[in-house]
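One line per chain: the protein sequences are A and B, in this order.
Residues are numbered in the working numbering as their position in the first sequence, beginning at 1, plus a constant of 1154.
Residues are numbered in the working numbering as their position in the second sequence, beginning at 1, plus a constant of 7.
Hints were generated in silico from the structure; no laboratory data involved.
Treat the hints loosely; a few may be bogus.
What the hints assert, rightly or not - Derived lysine-lysine pairs resembling BS3-like cross-links, with alpha carbons at most 25 Å apart:
hint, chain 1, residue 1, chain 2, residue 2
1, A, 1207, B, 227
2, B, 287, B, 227
3, B, 287, A, 1207
4, B, 312, B, 287
5, B, 227, B, 312
To be verified - If you want the ones that stay clear, here's a sample from chain B, every Cβ over 10 Å from chain A, calculated:
hint, residue
6, 65
7, 87
8, 97
9, 112
10, 216
11, 220
12, 244
Ideal Cβ placement from N, Cα and C applies to all residues, glycine included.
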Amino acid sequence: MTEEGTRVRRIVGPFNRVEGDLEVALEIEEGRVVHAEVVSTLFRGFERILVGKAPLDALTITPRICGICSISQSAAAARALGDLAGLRPPPQGMLAIQIIHGVENLVDHLTHFYMFFMPDFTRPDHAGRPWHEAATARFGVGGPAQRAWLETRGRIMHVMGILAGKWPHTLAIQPAGVSRAPDARDRLKLVALIRRLRRWLDETLFGDTAEAFSALRTSRDLSGWRKGDAGRYLAIADDLGLGAIGAGPGLWLSYGAHETADGPLFARGVRRIDDAGRPGELEPLDTAAILEDPSHAWDAGRPAHPSVGDTLPDPDREGAYSWCKAPRLSGRPAETGAFARQVVDGHPLALELAANGGSVHARIVGRLLEVARLADALERWALALEPRSRFIEHGPMPRDGRGEGLVEAARGALGHWVSLENGRIRRYQIIAPTTWNFSPRDASGQPGPLEQALVGCPGGVMVQHVVRSFDPCMVCTVH
Amino acid sequence: MSYDVLWLQSGGCGGCTMSLLCAEDPGLFETLEDFDIRFLWHPSISRESGAEVIDLLEDLRAGRRRLDALCLEGSVMCGPNGTGRFHMMAGTGRSMMWWLRELAERAGNVLAIGSCAAWGGMTSAGSNPGGATGLQYDGVIPGGLLGADFRAGSGLPVINVAGCPTHPDWVVETLVMLATGALGREDLDPLARPRFFADHLVHHGCTKNEFYEYKASAEKLGQEGCMMEHLGCIGTQAHADCNIRPWNGEGSCTRGNYPCINCTAPEFEEPGRRFTETPKLAGIPLGLPTDMPRAWFVALASLAKAATPERLRENAVADRIVHPPRVVDANRRSRGR
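Build out the structure end to end from the sequences listed, making use of the hints.
Right, here's the structure in full:
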């Protein structure tokens, strides 16, 4: 800690329950953060590991970028290779992929809620708040809420055992389908597992039906919700004013989530905040407007579109403070994640909570809304499986070409860009959700979304709430 | 007295922890409680953050607190140029590589959780841009960060709970064995993997065994047949009990219709071929089942192929059972009529 007048510099780390290692450098003046730098501390170099590999080997390598959104990485790689080869899964194959992917996203949201986010309210910093004792008894590490969630999590993960072999790191998702065709018994077992999950959500998370929660349209409706663990969270959020801290950049990005033959479950596009502080109309997304800027990263490259970008680690780059490059959409930092998806999709409650850039609270509610909506979709998808259909097709992989694979991971927009030359991978670039959210500054000095969200935040435990509201995945960030 | 475990993560994906949280019947917290195993700190589970953690690490390093087991998940990042700067442990100004060396000296046991921590794993693939290595192996070569001669306080080498990811039970059961004094040198295989899972082959209990017996092979991913002949499956050589105690309820790689890539072994990440293709010499797979003489394999395979029932031949290249086994009255009693 160093002091310059009243300005105090603090390094916060190791920052745990963020999936990976994170450090945040803060400057605090009169009890408020005035400047934040987000440091991704780990470089592994997957984009370089992939260079020279046979194209389909990417399906074995890329899931291992991330142990928490492994399916998302798999799906993005399969989509990128499929794009390149002109292959698409048959409709039933798409459905199976979305069941696998939907379970991962839903499970990740609740693992975040129960394992990563809620334990912070049991910290002694909050002692004396009217809810603190009850929260400590329910949400503490190893406490009843976590135990109940892990039991439910273990059971719904049987979906992975049935459809994907194992989780994480499956090879079941292929460019044109899934390797395992579920039979009639599998279909019913999937429905049974999903119904059990829904029952648990109704009884424990929402204290009412998930449909009733996703039908909430205004924050006034929401503020009366005091049922289940969601209600316990909402009471805490009201008391601490979590709706007033952690505003993001006011540009929300979604690649469109869970595409089946009927299109995506959650829309693709962007929304930006208008002069009145309200989210505007849905705008189309042009991925050609994405640029990765390494000017504050330990990387010797230049700003480039990921289809032509490179990863050139340089720990001595001047002005750099993170291994993470800074993705920008038309030159602007964008926020991505469950809340962004619900804003882009136009859920009325999400749109209202997006006013002035959203908040810690908005991100948590976005995740809960998505859990409710996904659970419903999962049951529909499982019922729609037709065990006699085809789940995979096959086709040749060209020796040369370029592909783009865009999916929505639990934490937001995930893109893979691959080029082949002479039957080998020549270039592979990945932009993960937390690369967007936890990006460092760009060439023009614009801070990344978390860096913005921390400004104005009181120091101490509130910093923890702001950081974790994004559900960061640091292993994906730099990869 | 509790069995105190410190868990650190470095050059990996966090997937072994995510897998660990899938432990079932009993769940993770229940087993830890029942065997009095305590996480002093775990990056994905513990409440403590920042300075609280650094204080703990300093206490452990100075020997002011007992460290029964140090678990590392993820590779040791030695790059660039041996500096360890590819992973500076947040808030400490020190490389994770430095912390691991220091803490290993104080640990009763050191566990490599997953193939990255054991051998380098996927993070060391290709050109190994991060300089990733394992705790006591660099790929197949003994050494790694701590050196081939390293022994923890217990006298054991680094215990390699390998796998990509590890099965939740492998981790929980290794910890329980250590906490109850039930794991000695004789319980580790030549690569220091716990024998309770490493003495089995993935082939044991594989649901494709009948296809294997008759060399009725799948030609493309998604087909029912044995994946050894064409699709790169090396489950007959891979040490793990994946098909004896399945994953996530009832799964495994081979049950998911994709090949075993021997992820519990060093250098699985660089097979020298495509992951889903079998290299062959004169039509015979180069990698043969463990402990099987080549001549016998060739002889038995050609005999088996000649004898393959039509049912298996058809099912092997279908994406589901298209030809069910004939229903015979195998249990008919002789009624003396």
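| field | Enumerated hints in conflict with the structure, sorted upward | value | Those not satisfied are hints 7 and 8.
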